[in-house]
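J.: Going down the list, the protein sequences come from chains A and B.
Residue numbers for the first sequence follow this note's numbering, beginning at 51 and rising by one.
Residue numbers for the second sequence follow this note's numbering, beginning at 51 and rising by one.
Don't read these hints as lab results, they were simulated from the structure.
Predicted model, so just to flag it, every value in this text is computed and none were measured.
The list treats identical chains as interchangeable, and a pair is accepted whether it falls inside one copy or across any two copies.
Derived pair list, reagent style DSSO-like, types lysine-lysine, alpha-carbon separation capped at 30 Å:
(1) K354 / K377
(2) K226 / K214
(3) K226 / K326
(4) K107 / K91
(5) K378 / K326
2 protein chains.
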Amino acid sequence: MAGGVGSRFWPFSRNNRPKQFLDFFGTGRSLLQMTFDRFAKVVPASNILIVTNQSYKDMILEQLPLLKESQILLEPNRRNTAPCIAYAMSRIRAINPKASMVVAPADHLITKEIEFLNAIERGLNFVTGTNNLLTLGIKPNRPETGYGYIQASDEGEGDFKKVKTFTEKPNLELAKVFMESGEFFWNSGVFMWSVETIYNAFKEFLPDIAAKFLEISSVMNTDREQEFINEIFPSCQNISIDYGIMEHAKSVHVLCGDFGWSDLGTWGSLYDLSPKDDNANVTVKCKSLTYDCSNNIVVLPEGKLAVLQGLDGYIVVESDNALLICKKDDEQRIRQFVNDVNLMPDNENYI
Amino acid sequence: MAGGVGSRFWPFSRNNRPKQFLDFFGTGRSLLQMTFDRFAKVVPASNILIVTNQSYKDMILEQLPLLKESQILLEPNRRNTAPCIAYAMSRIRAINPKASMVVAPADHLITKEIEFLNAIERGLNFVTGTNNLLTLGIKPNRPETGYGYIQASDEGEGDFKKVKTFTEKPNLELAKVFMESGEFFWNSGVFMWSVETIYNAFKEFLPDIAAKFLEISSVMNTDREQEFINEIFPSCQNISIDYGIMEHAKSVHVLCGDFGWSDLGTWGSLYDLSPKDDNANVTVKCKSLTYDCSNNIVVLPEGKLAVLQGLDGYIVVESDNALLICKKDDEQRIRQFVNDVNLMPDNENYI
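The shape of chain A in the complex, shown without the other chains (with noise of 0.2 Å):
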């Protein structure tokens, strides 16, 4: 799943260039080429497909040359992660009806890649020729409020827990609850389920969404594929994979695990994450000196200087025609710098 926007991190991303494409640690390889990278370990890169917007169709192939065309599912309009599912579970089903999928957002960081990819075998034969979803759940090292938390019950096949409850974001004395019960665990918004089960899945509890699919399946994996998806897609419910199918399914399942995991939601989360000099200062990408600072992130293109003197607890980003220096305390507000910078007369290039 490679089709996301999003303004937090600001001007790194843009709405020509969201995160998932972003190079974030001078690697060479952006998140959405390391989860493919990643995949490509378990997977024949023939058998992944990216769904994502259209207008992303050239970064996508810019940035996965050994990609067919027909490997890039491209919807025509946002409809959240349950109509994306549904496409690619509907593409897969034309090509074989009895093959198992994982689903994975392309713009998530994985530290620990033995572990998640011995996870993700165990987790593909767990739910091969089964009717179980599965989900992978981290272990929470803070009691975050801005992530799904997934509760595990005693009961399950070895790791393989069943789930009783799927909580959306908690408050922060909600969230000190979960963490400390040891029974909560983050949704980590991969997924996997054989081809069979997560459609009968949606035909149970998004009908209409499976409706529409059902529809169009004699055209899937043919030349009239996109036309028919422009058609529907559109008319598509705009829900997520959790609402829609995985709070209200049986036999759901969590493999709980340490993989370094991150969704990289904010710089605060970049911040937390990276390696950090003697004052808690991070560099990412540039070179810096720093001066009477401490627990800053700063975020320069490659082979950039930053000289700081004075700052404690910021966020410095520069990217292409933009500067951003705020608190990481108030990063919250990025979002409405961004709205205002779109409310500038012309805006167009900064956005």
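Mind docking chain B on chain A? Use the hints.
T.: Using the frame of chain A, we list chain B on its own:
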């Protein structure tokens, strides 16, 4: 005089692009170009000579394309203002020993051009055919400790007052006394005199320099001039015209006025001079959106956008491959930062 170097405007100024070549106001004209434009209104452009370091010759020709190469006087090394002025004087003397001349730094700002040019015309009349040495004085509006001061006496001819004393950069206490006295004026570094008068002053007060230029007077304004300048210049005494001549000479006068003058010595002085928004923020060349910000100066390349939050009293400057953020109160440390950048491995692109 356009030979200066300086790191106080780093990263906007660089070794290969010092202050006089920079467009500080987004007008499309550098300080050098503005100085040239200004004097071309009272002096034929063909009579303007630029004295600079050899390494800036191409930059001068690029910025002032109508200049003939012969109007650029190249110093092989830096020897402060006395040898610089001796060189220009010798060249002019070879062309017309009865000429009068104005000496001015290329990197100062004048915002009241009519008043300034009026003073130049009156000053040239005052020195022509006399043995008067004249300097322009600026009425101080603050107890500045970074400038030289000129004490004017009551004697003189009208506005042209005889100078009592020159004082280099005073401490703050003394600067306050100077300002309150009403007798002291900032030394603008703009001088006028006849070639004959300054030639005699060199012979009297800086006889070694006078002798060197006398020796090569027969090659001045010929093809061999540069060759001989390159030979004598390195052995010239490194001394300012103020120390070397003005402090000792008789018949030194000062013409005081309000020309909207600034030597633009630091980011702080650019801040003080510039128009401010409701929160006393200054934005130079670029666009800006500010939140919880006051008393800052932000300078980015034209067309660029700065979004700033939670800054009070900072300098924010980005140019090419470097970004500087520094408290305005600590701007004297910029020199040290640049020295530190100089010590970085692979620093050559940054300074």
